[in-house]
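S.K.: Chains as they are written, first to last, in the numbering used here: chain A, 875 to 1459; chain B, 875 to 1459.
Please keep in mind that the hints were generated in silico from the structure rather than gathered at the bench. This one's a predicted model, so the numbers in the text were calculated from it and none came from an experiment. Careful, some of the hints might be misleading.
Copies of the same chain are indistinguishable here, so a pair counts whether it falls within one copy or spans any two.
Within a straight-line C-alpha distance of at most 25 Å, the following computed DSS-like cross-link-like pairs (lysine-lysine) qualify [claimed, not checked]:
1. K1327 - K1404
2. K1144 - K1327
3. K991 - K1410
4. K1410 - K1375
5. K998 - K1410
6. K1404 - K998
7. K1446 - K1119
8. K991 - K896
9. K1144 - K1260
10. K1404 - K1320
11. K1189 - K972
12. K1260 - K991
13. K998 - K1375
14. K991 - K1404
15. K1320 - K1446
Protein chains: 2
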Amino acid sequence: MSNFFLRTLREDPADAEVTSHKLLVRAGYIRRQAAGIFAWLPLGLRVKAKIEQIVRDEMAAAGAQEVHFPALMPREAYEATGRWDEYGDLLFRLQDRKGGDYLLAPTHEEAFTLLVKDLYSSYKDLPITIYQIQDKYRDEARPRAGLLRGREFTMKDAYSFDSSDAGLDASYMAQRAAYERIFTRLGLDYVIVQADAGAMGGSRSEEFLHPTPVGEDTFVQSQGGYAANVEAYVTTPPPARSYEKLTPQEVVDTPNTPTIEALVAIANEKHPRPDGRAWTAADTLKNVVLALTDLDGSREIVVVGLPGDREVDLKRAEVAFAPAEVEPATEADFAKHPGLVKGYIGPWSPAGQVLGEESSTGIRYVVDPRVVDGTGWVTGANVEGKHVLGLVAGRDFSWDATVEVAEVLPGDPAPDGSGPVELARGMEIGHVFQLGRKYAEALGLKVLDENGKLVTVTMGSYGIGVTRILAIIAEENNDDKGLIWPESVAPFDVHVVATGKDAAVYEIADGVVDSLEASGFDVLYDDRPKVSPGVKFGDAELIGVPRIVIVGRDAADGVVELWDRRTGERVKVAVDEVADRLAAL
Amino acid sequence: MSNFFLRTLREDPADAEVTSHKLLVRAGYIRRQAAGIFAWLPLGLRVKAKIEQIVRDEMAAAGAQEVHFPALMPREAYEATGRWDEYGDLLFRLQDRKGGDYLLAPTHEEAFTLLVKDLYSSYKDLPITIYQIQDKYRDEARPRAGLLRGREFTMKDAYSFDSSDAGLDASYMAQRAAYERIFTRLGLDYVIVQADAGAMGGSRSEEFLHPTPVGEDTFVQSQGGYAANVEAYVTTPPPARSYEKLTPQEVVDTPNTPTIEALVAIANEKHPRPDGRAWTAADTLKNVVLALTDLDGSREIVVVGLPGDREVDLKRAEVAFAPAEVEPATEADFAKHPGLVKGYIGPWSPAGQVLGEESSTGIRYVVDPRVVDGTGWVTGANVEGKHVLGLVAGRDFSWDATVEVAEVLPGDPAPDGSGPVELARGMEIGHVFQLGRKYAEALGLKVLDENGKLVTVTMGSYGIGVTRILAIIAEENNDDKGLIWPESVAPFDVHVVATGKDAAVYEIADGVVDSLEASGFDVLYDDRPKVSPGVKFGDAELIGVPRIVIVGRDAADGVVELWDRRTGERVKVAVDEVADRLAAL
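Just chain A, same shape as in the assembly (with noise of 0.2 Å):
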């Protein structure tokens, strides 16, 4: 440590908010450059490579095969698939000196497909699984969390390549597999959640989530063994019911009921339900107003019913209206739409206002999953004041689409009937889907099959952010005094540390570091004549190599200590068997 690059710093980044970007710095991992952009110190470098190597291993042992692609790619490509335009402001864009487009690429996609393309043409060429370990960009509207979301990482991105959707299956299984057994090399607990494919378009999809409270995607669960992020949670909607015998709707005077609750009440109170039970939230058709941004710009008003006891999920409503960004409606909206009662809204009015695409209104209107026919609602009526009683879906209102923007709450039914969920947080740690045709349709991927006949490839594509999970593992391996890292992604195997200025012990201490070495350990050696033993040990519990080898006094006697970074654990042990302990531990 007397030569070693390194600097170990005693307050936080004043920038800093989580724990893992506290901790790398101040240890000397890693160190800022730009909002979201770090440079590797040694100990950060080392810990990177380490985690890479676990994943170079398993994906070799799933037939993975490396390549590797530039970061600056020319925009033709992600031009034909549609991500140059879908991708927003998060796409680094950039033209070289003739004027030519580039990107600094979020993921690889493209290149991989015309990759293949370019190579093969036959399905005994397939299957073919090719991945590489690459710096990523995505200029993140808000970059925070140090390592956990950059705008520079470094990313395993693999890709499978399959002439049948059987193949796909096996493809998408055996890295499936490699993910399990990298997360539990790394020691990183994780849930396979069902996802949604999000802006990659594809079919089957699973997260690999770490839990934690302070994941920042919600999923939810079952007993039985249901799991998915809350933007593929799929509703089960009730069986629709005949509206024959049902009575026909009411308009009925609500003053001053802008919100569910007061509706309800007044419902209550002077319009009981004939069959005398009591009207609540569930019962009640909320319709609210939101505006879709679509890619080029356009603004659009949408109108969406769902039961008053929930709210729109603005997560699952991205989803829903993908690839529009939605918000919320604003004052401005309303006021261009005077037909829209702040308070009254309902897909029907005694005035004679629809909702609908092919209404009057023209506004689109869209409804939850558990408006079917021959549902009855109390929902408002498109006047000041009023509302409608026992508005009855596919009777009384149609609607021009169903969606997913409803939020989960705890006890809805698993859509696989295992029961109802709970939920929980957690951070992303991988990503598995099959993307399907879509790439492989966009840009031309065909291969031959056994009839001679040319079929349409399709694809996989699974990643893991090395960055962000060398993150997660910091911010789940540490205490008050600093990082406490598993042994299988630690910096060094060993930290040994001599302290006091006798020049006998740092003698003894050369030989057991040659010693350590030897036996095939990697050892960072504190061997700095002129610092406490006290700042020694605060940099060594900071760096958080998990076996410590104290040298010092007793050293002359033979005897060194044996620190257990994470129990804190120190016994004596003979200087010479300090290699073999360490080798049984």
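Mind docking chain B on chain A? Use the hints.
M.R.: Then chain B, alone, in the frame of chain A:
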């Protein structure tokens, strides 16, 4: 090879001019993504990794420590050192979503300087040498020759930091020695030549050139050990002479002598030298008009006086006038300066025209170092059809500065007195130079010295182009059949080729592969059952693994063939001796 992600190609790529480019694409090592931008296929990635490992080994042996900077860097530090502008069109520039300016770093001097400034504060922290192996970007005007001049390329760049000049010398020599070891291990001939530090600034500067007739750099060397690239060659000026006894200048008619040859002929015919020796081109002072374009786009006309037997070397002129760009003056430039009479330009004219910044023309006049006080010249009179004889430097004309822009010719004296130089060509494979305090001063990197006084740190910079070296190795190691890798960087140690359709042969080959892998060899195994021996041998020759084992018909008798790719020699060997024989080689 039945699963390996590789397809060899029969045809050279249409855009390939040089051998390495053709062969690396045809043999499946790299694949073009855009002009000067390539993807790495599994074979290429393996060779690249081997070169990188050799570089890492020798960096570690030289005490350098590895870090890693992002490619995407903010503008500020590059602005502080002037490089944001100086790099001109070579820099890829871009903006993030907030309009912040960024670049794709061509090198990282600024970032390394700021990192050390961030972490270090005392002379006791120094010396330190840190390096990275990283993908860099330069928007070359004419990317060409495949990896030899790409727009994205991998470089090892190291930087040393010292508190004293003596320390810098030691750090510099350590890197220089590491480079010698690296090139020796890579099997690459090299010449170390003095170099100009160019846009980077600095003092001592040496390039490692690989001598080859197709090199794009010209260098000079003497028998006595002097070597320099032509940009760095320094002219030895003749001694100044007294001009007391020299005859006065004489304007003579020299009609139709726009060329030096015509002028010398007419001078010898009509105006023989008083001393009887014939006039030669070296006695004439040729005045060449150059146009300099500065960073701010402004254009300046400069007249350069040099002996008539030499041309202006534009590469040397670029260095002399850096950072301005240099080109010969155009007709338009001449039109703006009617006082410059094409073919008859002189520093002095009977009509009173005198060149020089302080003169009536205001046009800077600079001269070759051979123009010293007391030298007499035949030169133009700035009058159509007239020259002047015996115009004496210092007596009859003066100049604003002396510049090294004349071409170097074989036989010119080495500046260190080690004899005449000869010219040769080479390719740059490494560059070591002393930056000195330029970056530290611009960015405020100071440390406290022994006396508690702040001193500015002095730096060195050391670069090796990893991908460029790979291409040069390919360029130097091939024949008409394909590549022939040196063992130190070959993608595999051994290529086992099983031939024919007999399953027993493939079983024996499986065993050979197993035993070779058990002995620690990396093996590429051509196990393709339906491919003809001819195609397999052709692929093996194209791919260029240096040792090939052919398992064919004789395998049933326990005999295989060992094929040396470089010599073409094939010898029969017993199956169970293959591993030992290869180990012995």
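S.K.: Which constraints among the numbered hints does this structure fail? Numbers only, ascending.
M.R.: Checked against the structure, the hints that fail are numbers 2, 7, 12, 15, while the rest are satisfied.
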